[in-house]
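Chain order of the listed sequences is P and R.
The opening position of the first sequence corresponds to residue 1 in this note's numbering, with each subsequent residue numbered one higher.
The opening position of the second sequence corresponds to residue 1001 in this note's numbering, with each subsequent residue numbered one higher.
Don't read these hints as lab results, they were simulated from the structure.
Ideal Cβ positions, reconstructed from N, Cα and C, are used throughout, including at glycine.
Be aware that one or more of the hints could be misleading.
[Claimed, not checked] Below, computed lysine to any residue pairings styled on SDA-like, alpha-carbon distance capped at 20 Å:
hint : chain 1 : residue 1 : chain 2 : residue 2
1    : P       : 493       : R       : 1383
2    : R       : 1331      : R       : 1349
3    : R       : 1332      : P       : 90
[To be verified] So the derived label-pair ranges between C-beta atoms look like this:
hint : chain 1 : residue 1 : chain 2 : residue 2 : range
4    : R       : 1117      : P       : 234       : 53 to 61 Å
5    : P       : 261       : R       : 1132      : 55 to 63 Å
6    : R       : 1133      : P       : 183       : 55 to 63 Å
7    : P       : 164       : R       : 1104      : 39 to 47 Å
8    : R       : 1311      : P       : 52        : 52 to 60 Å
9    : R       : 1408      : P       : 235       : 42 to 50 Å
10   : P       : 322       : R       : 1294      : 55 to 63 Å
11   : P       : 234       : R       : 1022      : 43 to 51 Å
12   : P       : 179       : R       : 1104      : 33 to 41 Å
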Amino acid sequence: MAGAQKSRSMSRRQFFGTGAAGISSLAFSSALVEMLLNSTGCKSGLKPGLEGLIIPEDVLRKAVGFLMAKGADFGDIFVERAATDAVTSDDRKINTSTTIEKGVGFRAVKDGKTFYAYTDSFEPERLYETARYVADAASLGGGEEAAVVNLTARTSTLAFPITPLPTDVEVGKKIDLFQGLTERAWSADPRVVQAMQLMQEIIRQVNIATSSGELIHQTLGLTEFLVQTYVKDQQGSLQAAMDMRGAYAGRDFFTGENSFETVVDNSVRKALRLLEAVDSPRGVFPVVLGPGMNGVLFHESCGHGMEADLVFKGSNFKDQIGKHTAAKGVTLIDDGTIPQFPGSYAFDDEGTPSEKTVLIEDGIQRNYLCDLVWGKKLGLKSTGNGRRQSFRYPPVPRMRNTYIEKGTIPPQEIIASTKRGIYVGDVGGGGQVDVITGNFMMGVGEGYLIEDGKITRPIKGATLSGMGIQALKTIDMVGSDLKMFPSAGRCGKLQSAPVGFGMPTIRVRGILVGGKGEAWEDKG
Amino acid sequence: MKEKKEYMDLAALAVDAARKAGADAAEACISDTESVQIDVSGRQVETVNAVREAGIGVRVLKDQKLAFGSTNELSRKSIQGLVQDLMKKVVFHTPDEFNVIAGKEAGQIEGPWAGHAELVTYDPRIAEVTVQEKIKRAIELEASALDTSPKVVGSMITIYQDATSYIYLANSNGIAGWFPAAGCGGVAMVSAAEGDDHQSGSYSRACVKYADFDPVAVGRKAGENAVRMLGAKPIASMEVPLVVAPEMAVQILSFIVGMLSADEAQKGRSLFAGKIDGQVAAPVFNLIDDGRLKGGLATAPVDGEGVPMQTTPLIVDGVLKTYLFDSYCAKKGKTKSTGNRTRSGYGSAGGIGSTNLYLKPGDTPPESIMGGIDRGLYLTEAIGLFAGIDSASGDFSLPSAGFMIEEGKLAFPVRGISIGGNLFELLKAVDTIGSDLTWFQAVGSPTFSVKTIKIGGAG
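Kindly produce the complete structure, drawing on both the sequences and the hints.
Written out as C-alpha cells, the structure is:
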C-alpha cells in the first residue's frame, strides 16, 4: 500500500494541469478518474471557497445573470464532472470499464413551473446560450430585467472522505481482488453454476450556483458492490440470490460484515438455502421482518408517498400532517447526514444543507420530504431532499437514508411471541410498487417459517403484497435492534439515486403473503 | 438536426488510435441526441427538459481480451486519452476466445446505411417542431384524460417525450456508417373517484412519426381505464378461462424474451436453456422479433455492433426455434448473430435485447374471444411480474386486476385478487389469439385467451 501511495503522489504532480495528453504517462490506474481527481481536491470530500471550481466563478455569475434576466422566480446552474470505474466478473471472466461524463444543467422556475436544459460543453459561450434559452422559455412573455447575482461559497461540517481513492489501487490489484472473489464464489459449493460480481467506483464533482447567491462545491465518491450467485441441485432446480453494499467512501469501508468476502458468502449461502426450502404458506398472518435491508419495503411503499411532489399530486399521505399514519410506537426517519451512507451528502443537488428529517413520530405524520419547488407548493421548507441523477435532470424530492427508529422489544421476544408466521431475512427478490397508491408487491429473497415461536424451515416463492400505509398501521411490535443497511440498490423514480435503508426487527399483521404452500390464517 | 461528418471522422480516429496502440481490433460508436421531455400537471406545464448530448463508446480487443470505455468529452485529445487508458487496462482482463468485433462478413455495407428511409427509422419533424407546439400537445394529452368523465378527479403523471439521434459506428473490420433514429410519445396516468372509491388508470403510446402520435386518443384511453375500474371488488377463489388484454400481454412477452437471450441460455440462467426445437407453447403461439419492422420503434438498419437487423421468429407454432444472439454469443454457440446487440447510448457497451417483439395476431376479433366465454377473467393488470414469477420453476402468484366476464361480456371490475399458475403451462394453454395486435413502445400483442387460470380471492 505504501508503494502505491508513493507512485500516486508522483503521478499526481506529474499529471497536474497537463490534461488528457498526460494520460499516456500514467501506468496502471484509471487515468480518467485520476484526471478528474486532480482537478478537484476531493481528499477532504468538500472544498470550501472558490478554488478548484470546474467553471470559474465569474462565468457562473454571468450565466446566472442570463438565466434570471427574463423574470424567473428562481434559477440554478448545476455543473458536474463524473467518472465511473467498474470491475465485473461474469461467467469467470473479469473485465473493467470506464465512463467519464460532464455537463451543465440550467433551471429556471417561474410560477412553480420548471424549465430545464443542459449542455455537454463547458465553453462560456455555450453556457450563456443555454442560460438564455432557458430564460426565454421561462419568461412566457415576461419583460427584461437586469439580474445581478453575487455568489457566496457555502461550507459544511459534513465530509465524505474517500479512502483509498480509486486511483490509489492499481487496476491489477482490483483484478486480483476479483479473481479471489470469483474463485471464492465458484468453489464455495459444487452446486454453484454461475456467479456475477460488480464493483463501481464513482466520483462526482459538482458545482451549484443559485439565483439566491449560493455557491456549492462538493465531491462525492460512491463505491458500490453487488453480487449474484446461481445454484442448481441434482433435480435441476435453479435458484439465485444476491447481496450488495454501497457507501460514499472508498474501499476501506468494506470490512467486517461489509467485506467483499462476506457479501459473496452471503449470496452463496442464501441461494443454497433456497434449494432446501419449502413452498411458502399464503394468506394474511404475522410477518416478522428482520432488521436492516427490509427497510426498502417502507422506502418503496410509504417513503415515496411522502415525497412533496407526490403528496401534492394526491398520494395517500396527502393532508396527513398531525394525523396517525402508522401504529403507535412507529417512528420513520429520513437522514441525509449519516457518515458514509449512500443517501448522505453535505448539500442536496439544489444547494440546501442536508439534515435528519422526522417523517413519522410515534405513529403521527410530522413532515414530508421537500425540495425547494414542491416544498413551496405545500407551504413547507426544503428538507434537503432535492436530488438529481446527474446534470441531465432537474432536481425532484427524493429519499436519502430512510429507516424505522428502534423500539424496545428484544428481537428474540418478537419471534418467540409469534405462534405461526414467516420471518423475512430480506426482500431481495425484487418487486413493483405503485408509488402513488402505495400498492406494493415484493419477492422474499431469504425467508423462514415461524412455528410455535421458533424459526424453522427456509421457504421459497414467497411474495409480500399490500398497501404501504396499511402495513405501517398494522405494525404491532418494534424491536430494539435497529440496523442500518448501506445499500447499493439505486432508487429509480424516473431518475436513479443511491439510497440507504434501515429498521429494527418488526412484526406486521396486515401484509398478504403469496406462495404455493398451504393457506394460513392469523393465529397470533 | 443533421448528420455531422466530423463524428464519423472521430469514430474512425478512435479505431485508428487503438490499432496504432496495438489493438487487434477496435470499435467506436458515437451517438448524438436531441430530446425534449415535457411534464404537465393541472393543465399547465410542470417541467420542460431540453437535451442535447453527444458521446462516444469505444471497445478494444487484444489477445482475446476486450475492454470498454466511454465519454461525452468529444475532443480528439480526450478520445485518444480514452483509447490509451483502455489499452493499458485491457491486458489485465480475462481472455475469452469468443470475444469479437463484428466483421464485414456479417453483411454490412459502408457509408450512410442505405435502407433506413425504407425502414422508417426517422422523422425530421420531431426535431423541427417547436417546444411550444409540443407543450400544447402535452397539455392536450392531459386535458383529454381529465375530460373523459367528471369522475376523473386528478392527474398523476402526464409526460410527452421525444428524441432524435444520429448513430455513427466504425470498426477495424471494415464497418463504417451512420443512420438517424427518432421517436416520440406520451404517457398519462389519472385517478378516478366515486364516493370513497379511488382507482387509477394509465395509457401510453410511442411512435416514429410525429404525426402518428395522437395525444387525445392516448389521454382518453387513460381516462377510460381509470373510470372503468371504479367499483372494483375482489371475487371468490375459482378456476375459470382467462383473457389477457394486450397491455398485460406485452408485459408477459417482455418477461419471456428476457429468458430467450442466448447469453442467459448459454450461462445456464434461463428456463429456456436446452429447449430448442421443444414445444414450449401452444401451436397457435408465434413470437417474432423484427428489427426490420417498417416504422417500428426499435427498427434500425444495423444493431449496436453493426450487424444488420433481421426478422427472427423465436417461437413458431409453439416450438422454440432460436435464442437472440449478438456476435459474442453467436461465436460461442457456433451460429450467426441475429442482430440483437442493443445499446442504450454511447455509455453502454450493450447486451442482448429484443428489437420489435410481437405475438403474431390471429383472425379472431377480441369481442369474439370474449363472446365464447360464459364466465371468466379479463386480465388488465398484474404487478410484480419479475418478483412474482419463480425463475426456477416458472410458478407464479401475482396480485392482479381486471374484469369479470359473464355471458361473453365484461360484467364488473375486479381488484384484490391474485392469479396463480405456471408460466410454461400457461403458454401451452393459450387457445385463441386475437386479431387486434397493439403496440406499446417496441412490444406488441393481440388479446389472447388461456383455457383456465386459478384465481385466489385475496379479499
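Requested in this report: Mind checking the hinted window 55 to 63 Å against the Cβ distance between residue 1133/R and residue 183/P?
Outcome: 59 Å, holds
Query raised in the report: So the hint says 53 to 61 Å: do the beta-carbon atoms of residue 1117/R and residue 234/P match that?
Result: Cβ of residue 1117/R to Cβ of residue 234/P: about 56 Å, so the range 53 to 61 Å holds.
Query raised in the report: Do the alpha carbons of residue 1332/R and residue 90/P lie within 20 Å of each other, as the hint requires?
Result: Since the Cα atoms of residue 1332/R and residue 90/P sit roughly 15 Å apart, the hinted pair holds (cutoff 20 Å).
Query raised in the report: Taking the CB of residue 234/P and the CB of residue 1022/R, does the distance hold inside 43 to 51 Å?
Result: 47 Å, holds
Query - Straight-line alpha-carbon gap residue 1331/R to residue 1349/R, limit 20 Å - result: 18 Å, holds
**Report entry** Hint check for residue 1294/R and residue 322/P - Cβ pair distance inside 55 to 63 Å
**Finding:** 59 Å, holds
Query - Beta-carbon spacing of residue 1408/R to residue 235/P - inside the hinted bounds 42 to 50 Å or not - result: Check passed, 44 Å falls within 42 to 50 Å.
Query raised in the report: Holds or violated: residue 493/P with residue 1383/R, Cα cutoff 20 Å?
Result: Judged against 20 Å, a Cα distance of about 17 Å means the pair holds.
Query raised in the report: Between residue 164/P and residue 1104/R, is the Cβ distance one that fits in 39 to 47 Å?
Result: With a Cβ separation near 45 Å, residue 164/P and residue 1104/R satisfy 39 to 47 Å, so the hint holds.
Query raised in the report: Regarding residue 179/P and residue 1104/R, is the given constraint of 33 to 41 Å on their beta-carbon distance met?
Result: Given about 36 Å between the Cβ atoms, the range holds.
Query raised in the report: Does 52 to 60 Å hold as the CB distance between residue 1311/R and residue 52/P, or does it fail?
Result: 55 Å, holds
Query raised in the report: Per the hint of 55 to 63 Å, is the separation of the Cβ atoms of residue 261/P and residue 1132/R within bounds?
Result: At roughly 58 Å between Cβ atoms, residue 1132/R and residue 261/P fall inside 55 to 63 Å, so the hint holds.
In summary, the structure agrees with every hint in the numbered list given earlier.
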